[in-house]
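Note that the sequence shown ends on residue 643 in the UniProt record's numbering; no numbers are left out.
Among the hints, erroneous ones may be present.
As the list claims (entries may be wrong) - Taking lysine-lysine pairs in the PhoX-like style, the calculated list, with each CA pair at most 25 Å apart, reads:
| # | residue 1 | residue 2 |
| --- | --- | --- |
| 1 | LYS310 | LYS254 |
| 2 | LYS92 | LYS254 |
| 3 | LYS318 | LYS305 |
| 4 | LYS430 | LYS441 |
| 5 | LYS430 | LYS444 |
| 6 | LYS275 | LYS416 |
| 7 | LYS441 | LYS398 |
| 8 | LYS148 | LYS106 |
| 9 | LYS430 | LYS378 |
| 10 | LYS325 | LYS378 |
| 11 | LYS444 | LYS398 |
| 12 | LYS310 | LYS275 |
| 13 | LYS458 | LYS398 |
| 14 | LYS106 | LYS92 |
| 15 | LYS398 | LYS430 |
| 16 | LYS254 | LYS275 |
| 17 | LYS378 | LYS416 |
| 18 | LYS196 | LYS254 |
| 19 | LYS430 | LYS440 |
Stated by the list, open to error - Each pair of labels, with its calculated beta carbon distance range:
| # | residue 1 | residue 2 | range |
| --- | --- | --- | --- |
| 20 | ALA97 | ARG302 | 31 to 37 Å |
| 21 | GLY552 | THR602 | 21 to 27 Å |
| 22 | SER309 | THR258 | 19 to 25 Å |
Think of the hints as simulated: they come from the structure by calculation, not from any bench.
Beta carbons are placed, not taken as given, at the ideal position from N, Cα and C, and that holds for glycine.
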Amino acid sequence: MYREIISGMFEILMKIHINILNSTSKRGNCAGAMPVSTRRPGLLARCRGLLITGLFAVIFLQGLSVSVLAETEREGIDTVVHIEGIEDFRLKRLVEASSVTLQERKSYPPATVRLLRRRVEEDIPRLRAVMRSEGYYDAQLGFEVDDKATPVRVVFTVTSGPLYTLRRVEIESAEGSMLPEERMPSAGDVGLHTGKAARARAVVDAEAALLRLVRGMGYPYPEIAERRVQVQHGARAMDVLFVLHSGPPARFGKVEITGLERLDEQVIRDLIPWKRGDPYDPAPVTVFQDRLRETGLLSVIRVEKGTVSKTDGELPLKVVLTERKPRTIATTLYYRTDEGFGGRFSWQNRNLLGEGERLGFTGTLSRFEQGGEFSFSKPWFLRQDQRLEATLRLADDKPDAYEARSYTGRLLIGRKLWETLELGVGVQAKASTVTQFEEKKRFKYLSFPVSLSWDGTKDLLDPQRGGRLALEASPNLDLERRETDFLKMLGTLTHYVPVIPNRRLILAGRVSAGIEPGPDVLEIPADERFYAGGGGSIRGYAYQSVGPLRDGAPIGGKALLEMSVEARFGVTDAIGAVLFLDGGSAFSDRILDDSADILWGTGVGLRYVTPIGPLRLDVGIPLNRRSDIDDPFQVYISLGQAF
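Start from the sequences, fold in the hints, and give me the full structure.
Rendered as structure tokens:
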């Protein structure tokens, strides 16, 4: 019941999108977390922030609380379990994972010593199977239960014995197989090498690899006619024989597409990477399926193979598709302590003209921002690896650093150079009226942004390995005063290293640097300068507060440097913890000039895994706290990792 109540609270909060975040750390930065506290909050704001933070803390900890509650409700024999005799770390972990006595000693403790002994006895065949699967076919296992000890002590003793090795690995053709002998994969091709450990998993993986290789040679229906595995105890060795029947070779044949309602069938056919008559290969089929998924237009994608024709050797394919609903309407309500309540409304049609065109509108209403953005995008613009995007934004921004009313139109062409690398080239026109320090200025700029982005991760909100690189350069031409032209350049590199698998420990790092060659910093529009500080920048410091200041108010800069490192720990499958260190600043002229010092912030965080990404709660502490400027700590809550 406890879990249902807390889960219900969490679902309600997620549906209304309560968000107590500040805005991002700098103009153009990705949407990140924002500090809950402000520089001089009143008592009500402090109490309100603490109450909301406490509510989120309860949600984060509900998984742990349920676990503790469940343990206290169950009664049974308290046991401690040891496995002795195995020195290899990996092998010991496998044996430990297979022991029910060890794994369930807390969650399902036995009620009596007799039941404990039965559980231990039933563990022995499981442990022996693990040892045999790792090549130890003469392993000896025993156990001892000391029911006089408190807690009851269980000791498994394992004598590994000799490690059996692969002596002979053969791959033969079955009668009627059509694969020429000279093309037959070798044992090494499928990952089996004589003299290596005779592991069962290696044999199973080799069989799958053999079938995969033969399919890649143009045979869509290979089969293992016989698999013979013999353990020779006298020789302490294993012999493996695969008898392969390749089936007939095939060429790509007719492609039938079913299930389309609004989407033009030719759009799907243009995504097919092979031609009729090409030798069959499953790799292009996988590429085709990936392309279909990337469109975002389909909810069901299935490619079914037919029967190879006996006359021409063609393999017909049937593509079964189900379209997603083309329109989406979303409303988001959020709360920020320094901004109050705000709202966002969005509408999108993902298939406007039947060829995947997208038309959308997003409107925002809050104390810091009122505006709307119209967007249109066309995939496969002039070529399959190219897209066209057009946006028109009207905004009235009022952060603490400045006030800006702007009208921006942007046209961009993006082209994929590789699957993970994209080049973007565009043109942008912007007219704005910007007020800072009670001085109002009007600007009209024409810019030509060029971007290069690489994404080697697999998860947008919770990356666990790989990296990302984003580079953008934008020459900005003042249409009224040539002396205020400037070039804005920004680059961000992030990298993720899984130190311990299954999210148990991930090291994450981020470096951002930007420069704006051109006129004096005050001649550049305030909403185009660099700012640092905040949840997506340097945690522990208020939004935009790290860098040059005038009377305690941020000026912004022509240069930026930010550095972050995180250690992300998986406590349970649903709960994670984070230690982080952030540093950096904005600078008036160039990186590391004397206009500002590098400031550092550190802290801890919690993560609660949800189906749409991790919910983040971070508490940042300024290590270089400035009197009358910085609070003792900042709290950040958002969806997704910090970077």
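Handout entry: Outcome of range test on Cβ distance (ALA97, ARG302; 31 to 37 Å)
Key = At roughly 35 Å between Cβ atoms, ARG302 and ALA97 fall inside 31 to 37 Å, so the hint holds.
Exercise for the section: For the pair supplied as a hint, LYS430 and LYS444, confirm whether the alpha-carbon distance does not exceed 25 Å. Expected result: Status holds; Cα separation ~6 Å.
Exercise for the section: Would you mind confirming whether the straight-line C-alpha gap from LYS378 to LYS416 stays at or under 25 Å? Expected result: holds, 14 Å
Handout entry: Holds or violated: LYS430 to LYS441, with C-alpha atoms at most 25 Å apart
Key = holds, 14 Å
Exercise for the section: Decide if the proposed pair is consistent with the structure: LYS254 and LYS275, CA atoms, cutoff 25 Å inclusive. Expected result: holds, 10 Å
Problem - Given pair status - LYS416, LYS275, alpha carbons within 25 Å - result: Status holds; Cα separation ~22 Å.
Practice task
Just tell me: holds or violated, for the beta carbon distance of GLY552 and THR602 against 21 to 27 Å?
Solution key: holds, 24 Å
Practice task
For the pair we were handed, LYS318 and LYS305, check the Cα-Cα distance against 25 Å.
Solution key: Cα-Cα ~7 Å, so holds.
Exercise for the section: Return holds or violated for the Cβ distance of SER309 and THR258 against the range 19 to 25 Å. Expected result: holds, 20 Å
Practice task
Mind checking the alpha carbons of LYS430 and LYS440 for me, to see if they're no more than 25 Å apart?
Solution key: OK: LYS430 and LYS440 at ~16 Å, within 25 Å.
Problem - LYS92 paired with LYS254 [C-alpha distance capped at 25 Å] - result: Given that 25 Å is the threshold and the Cα spacing comes to 53 Å, the pair is violated.
Practice task
Please work out if LYS325 and LYS378 have their alpha carbons no farther apart than 25 Å.
Solution key: With a Cα-Cα distance of about 18 Å, the restraint between LYS325 and LYS378 holds, given a limit of 25 Å.
The structure is inconsistent with the numbered hints 2, 13 and 18, although it conforms to all the rest.
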